[in-house]
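2 protein chains.
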Amino acid sequence: MNIILLSGGSGKRLWPLSNDIRSKQFIQIFRGEDGKYESMVQRVYGQIRSVDSEANITVATSKSQVSSLQKQLGEEVGICVEPCRRDTYPAIMLATSYLHDVQGVSEDESVVVCPVDPYVNKDYFEAVKRLGELAEEGEARLLLMGIEPTYPSEKYGYIIPESNDELSRVREFKEKPDAETADGYIRQGALWNGGVFAYKLKYVLDKAHEMIDFTDYDDLYGKYEALTKISFDYAVVEKESDIKALRFSGQWKDLGTWNTLTEAMEENCIGDATLNDKCENVHVVNELDVPVLCMGLKDVVVSASPEGILVSDKEQSSYIKPFVDKLEGQVMFADKSWGSFRVLDIEEDSMTIKVTLHPGHSMNYHSHRHRDEVWTVISGSGRTVVDGMEQHVKAGDVITMQAGCRHTIIAETELKVIEVQLGKEINVHDKQKYELEK
Amino acid sequence: MNIILLSGGSGKRLWPLSNDIRSKQFIQIFRGEDGKYESMVQRVYGQIRSVDSEANITVATSKSQVSSLQKQLGEEVGICVEPCRRDTYPAIMLATSYLHDVQGVSEDESVVVCPVDPYVNKDYFEAVKRLGELAEEGEARLLLMGIEPTYPSEKYGYIIPESNDELSRVREFKEKPDAETADGYIRQGALWNGGVFAYKLKYVLDKAHEMIDFTDYDDLYGKYEALTKISFDYAVVEKESDIKALRFSGQWKDLGTWNTLTEAMEENCIGDATLNDKCENVHVVNELDVPVLCMGLKDVVVSASPEGILVSDKEQSSYIKPFVDKLEGQVMFADKSWGSFRVLDIEEDSMTIKVTLHPGHSMNYHSHRHRDEVWTVISGSGRTVVDGMEQHVKAGDVITMQAGCRHTIIAETELKVIEVQLGKEINVHDKQKYELEK
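Chains as they are written, first to last, in our numbering: chain L, 35 to 472; chain G, 35 to 472.
With the rest of the complex left out, here is chain L:
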């Protein structure tokens, strides 16, 4: 099976655990089979592998997610990087072209496109696999997964099938309706549109060529910015006449809000948290080093991270986005493929951060125009290079760097450094990168 996982979006609806650089699919909140916490993307990846160990999985995403994907799925994961965000149709075009031109997938093979973040069980990916097989057999030009609705949701688009058979031709599509209208659709046998599409590779490739003149993947990549933002649903699905939907009645949840996310949590607390016995239906996810104490709350989610603290009624948690949009501020932490950083303190003319490097990893060799830096190694060992001079470092060593000086640090063991930045204009864009001569 060739599967394209669409991994998009900034995860403001799950603030403060998601932010501009950590999307919701990377939050490690589910118990995996080994008892460790895993993210949505890790869970989905594992489920696909268990259904089809030979599956050719490609994640279509933006550059900002590459390091998180490699960290969580391993360096060898197939990633098709969009040069900029252009909604799902361009993303699917680019990934389809990537499969064809980079991976050598034949035009007659089927491709299934699937969001990276449904909360499902293996039966879902068995249905996904079957969709791919139906596409390859030519059952229709386009095949969709229709989710059996469990309530008249206003959040999803609806598929009206011609029959209630497991596989049925699609009569029409309906936009997100109000609850009453949704109820009417459901009584007619309507299904939720789960955003899963299967087609023969040639189908999308041909359409792409109709839309824009390009020779191959590299050429399309170069022209990507010129593409119009448009969803695959609008541009393709709703215009296709030869289209069928496969009815799926297993578990399917969209964990896009705290309300739905906490329903999938096995424990009430992740991180340092105490609930008294008067708490009912309370969930806490605490990524800070200090304790959270909850007393007498009902239907509340509490989430704390270096970005901020959310305390919300579960129902109301669906409406946080406009409020989060207004919360300006520094990105306070990030997990990267090379390690992580966390902002510890911000003052007018200084910032203190903790940098953790995984063994064998390093920062870019870089300099800053407008700030000096001081590193104090607090654990581990490695090497620093400062203006070409290499030095072995270990816990307790201090390295000072003036503005303009080129520097990097390479971890031998896991290495932790307290970095104090000093200057009048501290910002993330003040960084020039260089090649490090080996």
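Bear in mind the hints are in silico, worked out from the structure with no lab data behind them. Fair warning: there could be bad hints in the mix.
[As the list claims (entries may be wrong)] List time: in silico DSBU-like cross-link candidates among lysine-lysine, alpha-carbon distance up to 30 Å: (1) Lys105(L) - Lys287(L); (2) Lys370(L) - Lys388(G); (3) Lys312(L) - Lys70(G); (4) Lys355(G) - Lys332(L).
[As the list claims (entries may be wrong)] Computed beta-carbon distance windows for the label pairs: (5) Gln466(G) - Arg119(L): 54 to 62 Å; (6) Glu459(L) - Lys428(G): 12 to 20 Å; (7) Arg119(L) - Gly394(G): 49 to 57 Å; (8) Met423(G) - Gly422(L): 29 to 37 Å; (9) Lys355(G) - Lys360(L): 31 to 39 Å; (10) Gln436(G) - Lys360(L): 42 to 50 Å; (11) Gln466(L) - Met423(G): 34 to 42 Å.
Computed from a predicted structure; not experimentally measured. Beta carbons: idealized from backbone N, C-alpha and C, even for Gly.
Given chain L's structure and the hints, the job is docking chain G onto it.
Same frame as chain L, but now just chain G:
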């Protein structure tokens, strides 16, 4: 008026804003007349001064509060320091002896003892003053303030007066009753015992001499540890026959829990906090640098500090103490007379803190056996002394100190330093102090 303010207690009921070293009376949460936030102790001190500008105010407290008191009330505030905690009777004995022997107050002058943390208006201190005058006139050997109850509280002791006159002889005292019993008392005209006592200085001094053999304040101070823990109510008040209560019907609130404290807050939010319009009766006190977002909460208090995060139903917030007792941990921040510190990061073999020194202040000259330290000055200027070597320092300077090395830093302007501590056994007790040769 001679007034002894009893400033006691660790403030666990107002965790995480109060901790073992910051008691609730120092939390700056009330709008003062100048619009700035002030603490309970600042508010009470100002109210006493405005009622009696000549008042002789002495705060009876433990050593741990001296720096906070001096910081909030000024260096010249009268403080009688208990060498150890021994409940209210020994504390009042010691403070009374301090007034007599150190301040030279005559035996015939009256003394009024008052808790430092009632939330009241000026009329309360006018009543306090009058109590002192009544004691001095010999109206009774002991005079109390009886607060007109506003509801049948189970939290207070009750005074049963002989009459409903403004000033009445006391018939008897009742322990904290259940609500039904309290209701019965109130129908008889009972009053809450507000913990305010007035007497002629000689009265308590004579009783003290009956209890323990001592010559003067210094001698009593030396013998203080031998005194039994006992409250003034049990030891003196309930045994006195010549005792009257002055009825007080003005505002009197005990802000000992989040529930009552938030009632006294003028705004719903102190610090960086956003409430959506579905929040009802929600209060947030946020001392962290990151935002708090509250959605759809009702009757909830949220408080965040470097110590932790409390999210509590208002009513339930009265019961946090046993939970807070179980939350072990490092003291994460402290305000001191010389400045403040805040723990930024804790790792197995290192700790990173930010130290702020007020202009003209310095640390003790000290050394550590088991840890090295690195200072990076992030703002301001001053001098360091390291093993006797003095050096001028400013933002960007780095000072490294091996274990055993004696060191201090003296602020010229306000000075901020990131201190990285490195070692296997980092703890606050690893500190040897020395005299700094000038």
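Results of checking the hints against the structure:
no.	hint	result
1	Lys105(L) - Lys287(L)	holds, 25 Å
2	Lys370(L) - Lys388(G)	holds, 26 Å
3	Lys312(L) - Lys70(G)	violated, 37 Å
4	Lys355(G) - Lys332(L)	holds, 20 Å
5	Gln466(G) - Arg119(L): 54 to 62 Å	holds, 60 Å
6	Glu459(L) - Lys428(G): 12 to 20 Å	holds, 18 Å
7	Arg119(L) - Gly394(G): 49 to 57 Å	holds, 55 Å
8	Met423(G) - Gly422(L): 29 to 37 Å	holds, 32 Å
9	Lys355(G) - Lys360(L): 31 to 39 Å	holds, 36 Å
10	Gln436(G) - Lys360(L): 42 to 50 Å	holds, 49 Å
11	Gln466(L) - Met423(G): 34 to 42 Å	holds, 38 Å
Of the numbered hints stated above, the single one contradicted by the structure is hint 3.
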